[in-house]
Amino acid sequence: MTIITLVIGCAKDPSDGVQKVKIISAAKNIKLPPQKPTAAKPAKPTAEKPARPTAAKATKVKLAGNIRFTGSKVTGSHFCDLKNSGGSLTLNGNDVTTGSFSFEAETGKLHCDKGARNDWTPKLEGHLAGTDFFWSEKYPKATFVSKSIVAKASPKSTHEITGDLTLRGVTRTIVFAATIKADAKKVSGAVEFSINRKDFGIEYTNKADDLIRDNVVLKVELSGTR
1 MTIITLVIGC AKDPSDGVQK VKIISAAKNI KLPPQKPTAA KPAKPTAEKP ARPTAAKATK
61 VKLAGNIRFT GSKVTGSHFC DLKNSGGSLT LNGNDVTTGS FSFEAETGKL HCDKGARNDW
121 TPKLEGHLAG TDFFWSEKYP KATFVSKSIV AKASPKSTHE ITGDLTLRGV TRTIVFAATI
181 KADAKKVSGA VEFSINRKDF GIEYTNKADD LIRDNVVLKV ELSGTR
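Numbering (the numbering used here), first residue to last: 1 to 226.
Just so you know, these hints were derived from the structure itself, not from any lab.
Treat the hints with care, as some may be off.
Stated by the list, open to error - Result set (DSBU-like, lysine-lysine): computed pairs, CA atoms no more than 30 Å apart in a straight line: (1) Lys147 x Lys123; (2) Lys114 x Lys138; (3) Lys198 x Lys57; (4) Lys123 x Lys60; (5) Lys185 x Lys73; (6) Lys57 x Lys12; (7) Lys138 x Lys198; (8) Lys186 x Lys60.
Said to hold, decoys possible - FRET-style restraints, in silico, Cβ to Cβ: (9) Asp119 x Asn94: 31 to 37 Å; (10) Asn92 x Ile24: 21 to 27 Å; (11) Ala153 x Lys57: 42 to 48 Å.
Each residue gets a CB set at the ideal place from its N, CA and C atoms; glycine is no exception.
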């Protein structure tokens with residue numbers, strides 16, 4: 001008897017080697033024990049402190065560029081550019097750690113598989129914008145707004161950013177490494193990370209969903225002039 005074994009190779013997962021965001025759970029309410037009242041102590045005389053130098057005025061710079069996501073299934077992957085994407089960076093002088101970083105894009109305006117489009121591509125774009133995925137009619141924008149920016153240099157990034165990512169009406173507080181640069185004329189922000197689509201309620205109500213990988217890669221490249 002002859003046994004024939006059929007081996008089907010899986011396409012590479014685009015999220016392999018890409019940083020996965022850390023999702024921060026909501027803080028729990030912590031009840032502190034009652035504090036005993038303490039007698040007030042007389043205030044000690046203090047020497048007059050010298051005035052602090054005036055901080056640099058905060059500047060908000062409008063950013064433009066490209067936001068792209070890549071999704072995949074076991075047989076291949078698709079990358080799509082989100083049109084009308086942009087953002088802003090607020091900074092004091094060249095210090096971004098006291099400022100904020102944000103970006104947004106319209107989920108209903110997709111351009112997928114540039115350079116490899118075919119007759120099926122417009123159907124893919126319509127499907128991704130529909131109710132199974134982005135549901136752009138109800139949730140027309142994907143947004144991110146930072147809560148904190150911390151300088152944390154590494155070979156691939158300059159800062160660690162914590163903030164709220166909202167996708168399909170679901171907001172998650174996430175943490176990721178990014179590269180933010182600023183000089184007298186130009187500022188820029190770049191980041192690439194992967195998220196689990198199911199954390200944002202993106203699930204295809206079909207058996208085909210079992211073949212679609214959960215991780216989606218988001219790549220943001222924005223810049224602006226001061």
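| message | Please list, smallest to largest, the hint numbers that this structure does not respect. | response | 1, 3, 4, 5, 6, 9 and 11
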